[in-house]
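Enquirer: Model the full assembly from the supplied sequences, consistent with the hints where possible.
Chains as they are written, first to last, in numbering that gives the first Met the number 0: chain A, 0 to 324; chain B, 0 to 310.
Keep in mind that the hints were calculated from the coordinates and are not lab data. Virtual Cβ for every residue (Gly too), placed ideally from N, Cα, C. Certain hints may be false.
Only part of the chain A face toward chain B is listed, based on derived beta-carbon distances under 7 Å [unchecked claim]:
#1 G25
#2 I147
#3 M149
#4 V262
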Amino acid sequence: MTVFVIRRLLQAALVMIIMSLLVFGGVFLVGDPVEMLVADDADQAERQAIIKSMGLDLPFYMQYLRFIGNALQGDMGNSFVFQEPAMELILERMPATFELAIAALLIAVVIGIPLGIYAGLKADSWMSKTIMTASILGFSVPTFWVGIMMILFFAVILGWLPSTGRGDTVELFGIPVSFLTLDGLQHLILPAVNLALFKLSMVIRLARAGTREVVHQDYIKFARAKGLSTGRIIGVHLFKNIMIPVVTVLGLEFGGLIAFSVVTETVFAWPGMGKLLIDSIGFLDRPVIVAYLLFVVGLFVFINLVVDVLYSVLDPRVRLQEVKS
Amino acid sequence: MTAVHDDTNVGGAGAAKPIAEGETPFRRFLNDYAESKVAVGGAVGVAIVLLIALFGPWISPTDPYDLASVTFMDNRLHPGGTMGSGVTAMLGTDGLGRDMVSAMIYGLRISLGVGIGSGIIALLIGVSFGLCAAYFGGKVDTVIMRVVDIQLSFPAILIALVLLATLGKGIDKIIVALVLVQWAYYARTVRGSALVERRREYIEAATCLGLSKPRVIFGHMLPNCLPPLIVVATMQVAHAILLEATLSFLGLGLPVTEPSLGLLIANGFEYMMSGEYWISVYPGLALLFTIVTINVVGDRLRDVLNPRLQK
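Expert: What follows is the structure, given as structure tokens:
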């Protein structure tokens, strides 16, 4: 067990180092930060002073070490645009993104699982075929375009729901949230549904595949033979067993929701981390770009690490295989 | 499409059903495929999209890149409106006065070109690594597959964001990003089937004949790993087109001088609030049609080419 965890930790550290090198190399070396920071009319002496103060005259590895040293202390530099520490900006926007991602996840599960179970139980009915066709469509439609269409119908044509922003927020444990106010909830619906569509298709497919496998198991036949009601068989015996793959995949996919919220946030002008990234790229606000990328990559490495370790705790086969190879 | 079918001819040869007289494996594959009406429709759809893209410059009503003929006077015409040059804009014009039909045809060419081009490069790289991993095994296998596993644990869009946010815009950069995102899928797929093939007698026979390693790997092992690869390649092209459109929409993909379908949608977005829906809606429908038809074909190919599902 310890060997496994240590291996995984080392791997996570390695991935972070490679990713930080990539981001650092890309942002600081491919582009010229001096051009960005020095005024056009600056003379040679001023240029030299800025290069010196930023450490740009140092060799590459020294620059990188300096950058990592600062990053480890949570200092990713100040945003050029907001004149605030980049990391603080990201953390400020984080609750909005998480709220959106969690809302999307809930929608995917609450709607997807019943539909998937139905499609699995009555595989040949036209309703099931419609559900499955819709789920193929869900994998194919461009998220951003669906978002635009949703704005067109619900905001422009029907005028039912607002299309941009987060609406009124209230503080919950010191974190501003939208879902507790009516206005905030109205703002949340469209982006959350938009972000949920892809995962919804996936949940439907997982639940259907699980159902079709589980209904033929002996314990379902036994439950039926015992004379349990269909509702109880589906709600308890079947439901519990199809939840294993669904929960596993959704756990892994939560990070994907965070990454993909970049698109939804841009369409709906939702003030989260993803919108901040796209705006920062537009302004060439490098410290914020670097901070976002490293933050999200770090989040991912962390999620993957936790999932791996949890797996090895729950399923010893994974761990044994790993150590053997 | 024909090229893809020819490939399956080689790969599908080992399938389970007994061969009737006069029936070639390719024929059998076509018959199997045609059993699904939806799939036939999908294939026709893909063929239409490819033909439009191929013959775009000849069938397009106007040349949207010809700055001399595009005038700002024509901007945001409703569908069916007549442009200054006398041409009817069937689907309206965009904010710069370009005919939407023409802009979409040229946009489709770029979207498909980027999607298929990056797919082919990724396929070559991924297949080479995947085959080497399977053939040599041991350390080579461990290292390659660990890299693949780690990469696949990140969502494609995040990897593309990291690359494009640091490298900047441009058609070359988006292709690099798409290749880097995709190669791991090919590597994993081909390794899976190559591991099975490696233990077969014909590989042993080829090795005993003293054939060179590259010849054994690419001449003997690769053709037998093709069926799953074709399925993944089909799906990946759709995925690449979708990802490119998404990145272009975010302003990270192609430059405005070469608008793909995604960029056209993005351009239309700013006009939509004032009710000028067509600039965003129609390129989106074209994109949707392209991706859905490719996915339908890929889905059917998977069913037909998977020996386990054969009756």
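Enquirer: Are the hints correct? Go through all of them and say.
Expert: Structure-based check of all given hints:
1. G25: holds (2 Å)
2. I147: This interface hint holds because 5 Å falls under the 7 Å limit.
3. M149: violated (11 Å)
4. V262: Result: holds, 6 Å to nearest chain B Cβ.
Hint 3 from the earlier list is the only one contradicted by this structure; the remaining hints agree with it.
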